[in-house]
Amino acid sequence: MTPGPAQSLDDGRVLRGLRNREALVEAIITLNEEGVLRPSAAEIAERAGVSLRSVYRHFEDMAGLHEAAAERQLERIAPLIVEVPPDGPLAARIEEFVDHRARLLETNIPVRRAADLREPFFPELRRVLDGGRRMLRDQVETTFAPEIDALRGADRDAARRAADLAASYEAWEFLRVYQGASFDEASVVMARLLRAALAAD
Numbered sequence: 001m002t003p004g005p006a007q008s009l010d011d012g013r014v015l016r017g018l019r020n021r022e023a024l025v026e027a028i029i030t031l032n033e034e035g036v037l038r039p040s041a042a043e044i045a046e047r048a049g050v051s052l053r054s055v056y057r058h059f060e061d062m063a064g065l066h067e068a069a070a071e072r073q074l075e076r077i078a079p080l081i082v083e084v085p086p087d088g089p090l091a092a093r094i095e096e097f098v099d100h101r102a103r104l105l106e107t108n109i110p111v112r113r114a115a116d117l118r119e120p121f122f123p124e125l126r127r128v129l130d131g132g133r134r135m136l137r138d139q140v141e142t143t144f145a146p147e148i149d150a151l152r153g154a155d156r157d158a159a160r161r162a163a164d165l166a167a168s169y170e171a172w173e174f175l176r177v178y179q180g181a182s183f184d185e186a187s188v189v190m191a192r193l194l195r196a197a198l199a200a201d
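Note that my numbering numbers the sequence shown so that position 142 is 142, with each residue one more than the last.
For the record, the hints were derived by calculation from the structure and aren't laboratory data. Note that CB positions come from ideal geometry on N, CA and C, so glycine has one too. There may be inaccurate statements among the hints.
Said to hold, decoys possible - Quick list of the computed label-pair ranges, beta carbon to beta carbon:
#1 Leu52 with Asp155: 52 to 60 Å
#2 Glu124 with Ala145: 28 to 36 Å
#3 Arg16 with Ala63: 18 to 26 Å
#4 Glu33 with Ser182: 15 to 23 Å
#5 Leu18 with Arg76: 17 to 25 Å
Generate the whole structure from the sequences, applying the supplied hints.
Next comes the structure, spelled out in structure tokens:
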């Protein structure tokens, strides 16, 4: 059955709505990457090339837009999340792990800094960020399971937490942004912290 004019019009509206929604999500991420950490709804709409009214047509509130942007960013960086198997020499595993984790964290710095400013005020955003933290923590615990599992009690728990912290976004941001370490320097520090956390020094 050939669609009539009314159905074609409706389909066009739906597609335009989806494009506008995507444009808003991409706009807030792009602004964050350019250093605009707290863009207003008007700034986001302008960058997306849509009306301010469109922001609230596609999202119930700004919290919904921030949540959608956080989920999109997780999708974008997912290919950089590479699992390092828990076998082979520890030194080789640390080197490979740091190579992948450092590139992941570096890519995410601008968007994550913006998200950190909003997280205390938006529970939906907190949920997405907590999911990302769990994913990164699980990766650490999988890659270094032989060393962590060899410990007992409080030592085991401390090693697990220390390794997670050593490879965290928070530690990477401190090194790169506040200490002014280069990418290579920060990578060396991460490797050193992991060796210490795993009692390998």
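Each hint tested on the structure:
1. The supplied range of 52 to 60 Å is met by Leu52 and Asp155, whose beta-carbon atoms lie about 56 Å from each other.
2. Between Glu124 and Ala145 the C-beta distance comes to about 32 Å, which sits within the given range of 28 to 36 Å.
3. Our hint of 18 to 26 Å for Arg16 and Ala63 holds, since their Cβ atoms are close to 24 Å apart.
4. Here the CB-CB span from Glu33 to Ser182 is close to 20 Å, well matched to the stated 15 to 23 Å.
5. Checked against the hint of 17 to 25 Å, the pair Leu18 and Arg76 passes, with Cβ atoms roughly 18 Å apart.
In this structure, none of the earlier numbered hints is contradicted; all agree with it.
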